[in-house]
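Enquirer: Residues per chain are reported as follows:
2 protein chains.
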Amino acid sequence: MSLLIVGSVALDDIETTHGKAERILGGAASFASIAAAHFTPPQLLGIVGDDFPLEHIELFKARGVDTQALEIKPGKTFYWAGRYHADFMHRDTLLTELGVFENWSPTIPEALRGASYILLGNIHPELQLHVLEQMPSARFVACDTMNLWIKTARRALNQVIERTDLLLINDEEARMLSGEVALPLAARAIQAQGPRVVIIKRGEHGASVHTPDGVFYVPAYPVEAIVDPTGAGDTFAGALMGYLASRDSVEFSDLCQGVVQGAVLASFAVETFSLEGLVAAQPKEVEQRAQMLARMVRW
Amino acid sequence: MSLLIVGSVALDDIETTHGKAERILGGAASFASIAAAHFTPPQLLGIVGDDFPLEHIELFKARGVDTQALEIKPGKTFYWAGRYHADFMHRDTLLTELGVFENWSPTIPEALRGASYILLGNIHPELQLHVLEQMPSARFVACDTMNLWIKTARRALNQVIERTDLLLINDEEARMLSGEVALPLAARAIQAQGPRVVIIKRGEHGASVHTPDGVFYVPAYPVEAIVDPTGAGDTFAGALMGYLASRDSVEFSDLCQGVVQGAVLASFAVETFSLEGLVAAQPKEVEQRAQMLARMVRW
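As they're listed, the protein sequences go chains A and B. Note that our numbering has the first sequence beginning at 16, numbered continuously upward. Note that our numbering has the second sequence beginning at 16, numbered continuously upward.
Bound conformation, chain A alone (with noise of 0.2 Å):
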């Protein structure tokens, strides 16, 4: 079934301690439809400026991701620059032009407003609730979010949360978000204001999965060499939810599949700069390390 990915499409500085990249594709929506794309063909609702290298709407396109909803606009594309300490977990940003991100609203082309599956990347709850509101037939609704929208701008969080099937919230943040410590009573807090799933991902302690039908764990795939951890969160989200829309299922045991295939493609995303790792990732390569996951569960 078709899924519809929506969020930022970006160019980003980015310096870690294994170098320097500069005006590399990003953004949570670059990562989340290529992800996606390994498993069924997702259509990419974004925005970029006219310096947007053709190149890289080439590369989409060639990926089998759907472009007709990224509008090409006057203007510049967002642009990110950050640098990541040695540890990977905290970064500065120490750049963001908005560009013609700032004021999009986003208008759904008829023809892709019959997606049954809607990955709502991490951007404003405004602009998610403006995605939903023209979905109203969307059968399973996706969500990322982040601590500055729980901070920021709560009202319109919770009435996305409350529309959304599968939430997916970082450790830190499914606390801030339930005001509860123990991560299961959190997830359970969450699971009551509205989505049926909700995922926390835990970095580099891979991520659990909870659901009324019981609670999956995946490891995180144990990648030696992280180049740019950017874009990892986007990766697992866009595969999990690139495996549903192929399985045209969201049982438990999909799910679970869904979040291995997540963990995975994340493993090669963080192992380069940018989306190289994720596109030169060979079917045969993502089958072997998600059987070295299943083999580091086993007892």
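Calculated from the structure, these hints are not laboratory results. Cβ atoms here follow ideal geometry from the backbone N, Cα and C, with glycine treated the same way. Incorrect hints may appear among the rest.
[To be verified] Reference excerpt, derived from the structure (chain A facing chain B, CB under 10 Å, subset only): (1) Ala101; (2) Glu219; (3) Val233; (4) Glu239; (5) Ile241; (6) Ala309.
Model the placement of chain B on the given structure of chain A, informed by the hints.
Expert: Below, chain B without anything else, positioned relative to chain A:
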């Protein structure tokens, strides 16, 4: 095969968001011994003052812990008072009185020198070395340590690590000890210093076991109502070593089973103050939680 457990036996005052408990039985060797005793009767090497309630010694005995090497000396028992923050991850030490522990230099009774399995609880590395020197026939040495010794007793700690088969360490300490950021690399760097097996404890995210035969990951059992996290790591280590000694085997599959038992018993330990939860845990409940953990990672 016989298992010797060395470490602190203490009286604690502990305050958490769930309440306050005073002069309760604590100490790494107490938790580890009672946990190990779920699988095999361990020998406890430690020291207490003459203020130590006899009921605690009776508890050890009733659980099958051999206390002939638990010295009782005139003076005060090791005493620790601490207060946990609401996140259960940070804590403030309010008071530490070493008491009779301060000048302890354990002499191991002849009858116990034949133990094949040793768990060196988290005490000063010089003391750990002193124990090892008296146990030349030990076949499998596990060692727990902490940031304090990495910072202040590095040389002695390195000597212990060289003679250790299994090092237990938390994620931040693994980074500190190895100088590596990525935990898989940190584990490998530590393995190069001696230990065939490195177990990285990840708190609420579980633990990973790094061996030449592969990596294994066990999630934490999803405890909803943590009352007091004191002793979780010691319980984990004690259960693991008790399991290995009971099997008299340290194959990869034994290590996997052992850490699952460790994760399960640790979940009982944190549900109460002191050792109550650990003592009360019935074999059937332990088995149920182990099965729950297995389901959590099955896909």
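Enquirer: Which hint numbers does the structure go against, in order from smallest to largest?
Expert: none
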